[in-house]
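A.B. asks: One letter stands for each residue in the lines below.
2 protein chains.
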Amino acid sequence: MPRLVVLRMGHRLVRDQRMTTHVALTARAFGADEVWVDREDHDLEARVADVVTRFGGPFGVRTGVSPKGSLRRWEGTVVHLTMYGEPLDETLPRIPRDRDLLLVVGSEKVPGDLFEKAGFNVAVGNQPHSEVAALAVFLDRWLQGDGLKKRFEGRLQVQPSARGKVVTTQTSEDP
Amino acid sequence: MPRLVVLRMGHRLVRDQRMTTHVALTARAFGADEVWVDREDHDLEARVADVVTRFGGPFGVRTGVSPKGSLRRWEGTVVHLTMYGEPLDETLPRIPRDRDLLLVVGSEKVPGDLFEKAGFNVAVGNQPHSEVAALAVFLDRWLQGDGLKKRFEGRLQVQPSARGKVVTTQTSEDP
Chain Y
1 MPRLVVLRMG
11 HRLVRDQRMT
21 THVALTARAF
31 GADEVWVDRE
41 DHDLEARVAD
51 VVTRFGGPFG
61 VRTGVSPKGS
71 LRRWEGTVVH
81 LTMYGEPLDE
91 TLPRIPRDRD
101 LLLVVGSEKV
111 PGDLFEKAGF
121 NVAVGNQPHS
131 EVAALAVFLD
141 RWLQGDGLKK
151 RFEGRLQVQP
161 SARGKVVTTQ
171 TSEDP
Chain S
1 MPRLVVLRMG
11 HRLVRDQRMT
21 THVALTARAF
31 GADEVWVDRE
41 DHDLEARVAD
51 VVTRFGGPFG
61 VRTGVSPKGS
71 LRRWEGTVVH
81 LTMYGEPLDE
91 TLPRIPRDRD
101 LLLVVGSEKV
111 PGDLFEKAGF
121 NVAVGNQPHS
131 EVAALAVFLD
141 RWLQGDGLKK
151 RFEGRLQVQP
161 SARGKVVTTQ
171 TSEDP
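Residue numbers (my numbering), protein chains in the order written: chain Y, 1 to 175; chain S, 1 to 175.
The following block holds chain Y by itself, in its conformation from the complex:
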């Protein structure tokens, strides 16, 4: 299986922590293998690692990752999600399925040369909305719904329910 990594650029400490946490958890829940964040942020790493511990993995998180270096060294395809890009519908069939995919998610400002470096600038709609929404819909469409069906083996398992919350807990020790 080709690797699927989300690179979150423009992360600012404190101010973006909640949004970047949502980016990371969305990446995990919709089938990406890892999230990389440009700015070092140990709190963020701990928060994501905690979800992985409780709800399961594998899912990797790295912060303090140089975007320049990552883009230069990446041997697969680079897709940049941006409201200025080409429509998702038209772009998806052109993205190779047999290569690793680096999915770059910006914040409000990304360096202009990212548009040049990316193999594809993809717009999940040409309207302003949310990098979290764009990431989720891209992954859902790219993995053709299978991202959401990924099985996680964690300590906690949510059991789908028509009413209320049903969570089962796996204990690591036998009684």
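Hints listed in this document are in silico derivations from the structure and should not be mistaken for laboratory results.
Please note that a few of the clues may not be correct.
Note that the list lumps identical chains together, so a pair holds whenever it fits in one copy or between two copies.
[Stated by the list, open to error] The list that follows gives simulated cross-link-like pairs (lysine-lysine, DSS-like), each with its CA atoms no further than 30 Å apart:
| no. | residue 1 | residue 2 |
| --- | --- | --- |
| 1 | K109 | K149 |
| 2 | K150 | K109 |
| 3 | K68 | K109 |
| 4 | K109 | K165 |
| 5 | K68 | K149 |
| 6 | K117 | K165 |
With chain Y fixed as given, assemble chain S onto it according to the hints.
C.D. replies: Here is chain S on its own, set in the frame of chain Y:
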């Protein structure tokens, strides 16, 4: 066309403004008609109205909306998005397409009786991620991709582009 309204519950001033703005803009970009927010927040209203002015509508925003009253008075279907609900794939075909739809998006805490009041508790995956991601993917699947194709007539129009940013501005006066 049945009406499609997103009700955001649990909004807290300042702390949630960015996240709720993303919920509102995602609702707009993915084809909902309106967003309602439980707590009154004029800044939020202004921010969303500003996007509507610049990028086009119609799209309505109301804050200070009583969730209890809204749920009681709503004559269509109520869908509650929650990681504890039933899988999206299985639920979507059961939601009536000819009735108005109120789509309830919580924050971390929602009152327990919401699970009873909603006609459907729908999980966009049974993993923790983001209300913005859940809303986007629900709308994308529910509107079968047509939400993203909605045309907006605003002052600014983003022109899809393989490289860089292309935005055209409509002036209201003739030269």
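A.B. asks: Hint by hint, say whether it matches the structure.
C.D. replies: A quick look at each hint next to the structure:
For the identical chains of this complex, K109 and K149 are inter-copy neighbours only, at 25 Å across copies versus 33 Å inside a copy, given an alpha-carbon limit of 30 Å. Within a single copy, K150 and K109 get their C-alpha atoms only as close as 32 Å, which misses the 30 Å cut-off; across copies the closest is 26 Å, which meets it. When the C-alpha separation of K68 and K109 is checked against a cutoff of 30 Å, the pair qualifies only within one copy, where the shortest distance is 15 Å, while the shortest distance between copies is 39 Å. Proximity of K109 and K165 under a CA criterion of 30 Å is satisfied inter-copy only: 12 Å between copies versus 39 Å inside one chain copy.
Taking identical chains as interchangeable, the C-alpha atoms of K68 and K149 are never at most 30 Å apart, the minima being 33 Å within one chain and 33 Å between chains. Only between protomers do K117 and K165 lie at most 30 Å apart by alpha-carbon distance; the minimum there is 14 Å, versus 45 Å within a single protomer.
The structure fails hint 5 only (numbered hints given earlier).
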